[in-house]
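Chemist: Could you put together the complete structure from these sequences and hints?
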Amino acid sequence: MRERLRRIAVLLGVFLKIGAFTFGGGYAMIPLIEREVVEKKKWITSDDMLDIIAIAESTPGPIAINSATFVGYKTCGVFGAMAATLGVVLPSFVIISVIAAILTQFQDLEAVRFAFNGIRAGVLALILKALWSMYKKCPKSPVAYILMAGSFIAAAFTPVDVIYIIIACAVIGLVTSLWMARREQT
Amino acid sequence: MIFWELFYTFFLIGLFTFGGGYAMLPLIQERVVQNGWMTSEQITNFIAVSESTPGPFAINIATYVGTETGGILGAVCATLGVVLPSFLVILLVAQFYEKFKNSRIVAGCMTGLRPVVVGLIGSAVLGMVSDVFLPASLGGGTLFEQLTAMVGTVAFYASVIIFLLMLWLVFKKKAHPILVIALSAALGIAGGYLDKYLI
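Order-wise, the sequence lines are chains R and U.
Under the working numbering, think of the first position of the first sequence as 1, with each following residue one higher.
Under the working numbering, think of the first position of the second sequence as 1001, with each following residue one higher.
It is worth saying that the hints were derived from the structure and are not from the lab.
Since no wrong hints were added, every one of them can be taken at face value.
Just so you have them, the derived chain R footprint on chain U, three or more residues with Cβ under 8 Å:
hint: 1; stretch: 1091-1098
hint: 2; stretch: 1121-1132
Calculated pairs, DSS-like style, for lysine-lysine (alpha carbon to alpha carbon, straight line, at most 30 Å):
hint: 3; chain 1: R; residue 1: 137; chain 2: U; residue 2: 1099
hint: 4; chain 1: R; residue 1: 42; chain 2: R; residue 2: 74
hint: 5; chain 1: U; residue 1: 1099; chain 2: R; residue 2: 74
hint: 6; chain 1: R; residue 1: 136; chain 2: U; residue 2: 1101
hint: 7; chain 1: R; residue 1: 40; chain 2: R; residue 2: 74
hint: 8; chain 1: U; residue 1: 1174; chain 2: R; residue 2: 137
hint: 9; chain 1: R; residue 1: 17; chain 2: R; residue 2: 129
hint: 10; chain 1: U; residue 1: 1101; chain 2: R; residue 2: 42
hint: 11; chain 1: U; residue 1: 1101; chain 2: R; residue 2: 137
hint: 12; chain 1: R; residue 1: 17; chain 2: R; residue 2: 41
Glycine included, every Cβ here is placed at the ideal spot set by N, Cα and C.
Modeler: Laid out in structure tokens, this is it:
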């Protein structure tokens, strides 16, 4: 019992540190998690870590939360999961709450407005880069290209709810991949 | 009630985001702008803030939108909302994760979800293009009117130059996002005052 409590406390501490010191979110966090819980604490094997990344990618929600919850659960059950998730969320929460107040105060200043005019152009470049790496990770099949184009057009030019587009593409992906698997068998 | 709205909206955002990070951008743009909580320009600005502060984008934006619309309690509701789907799904998956890992159904859904994320971020980018090159300060009018009003202003050329420069830095020089943002800010300020005092 004592050992468990101690572990939960350590888990919270480790993820507070990870939450406070990773810039760029999700994927940037993985090497830090690996170093802390695989190499230093040896709570998890590096094979498990690979599984965790794969699962974090194929479940809903941000990678950071998914992997924190999973690592916490594997080390210390539900309370471990809570501690790790709280740890990874808390630093962002505190920092952004403070920044939100500052931002509202200064956003009408002329220099700040000019700065953000420039920043938006830079952000556009950053998002294009994110888009490019997502594209590279994508399967390159005719179905994938059709879904890409279809979801782009539906989201950009029609009033269809984004959530329906996501559900429809998941179903189409499922049906076509099962169909292709069956065709290969026969 | 605003707190329930925040929780519910960010719960949906958390539930339908696959692949993390900017995959949630289209949903955020749609829901948050629709609810009138924030303009899309403000969201684009906030991406820069999130890149320059620690923590995942999802948590940062939930906390920010929550604080702006419902104070500290709003921030708690939005953040809890965006975290909860991940948390619950992972607890569930952890029970039978060997099965989940090898599931053809999960793999099948992912073959559809990876491309949809690309398409949706693509549409978010399209929305951002107008935030960058046609800022809201221009006022209304048709796209053509806005474009003709914009071309010829210093701000427009400043945006184009900054964008191209940053594109080169990001893709060719693999520059760190914080450097990109700091440089863009500096150039934005320089461009703004140049416009105001010299031209």
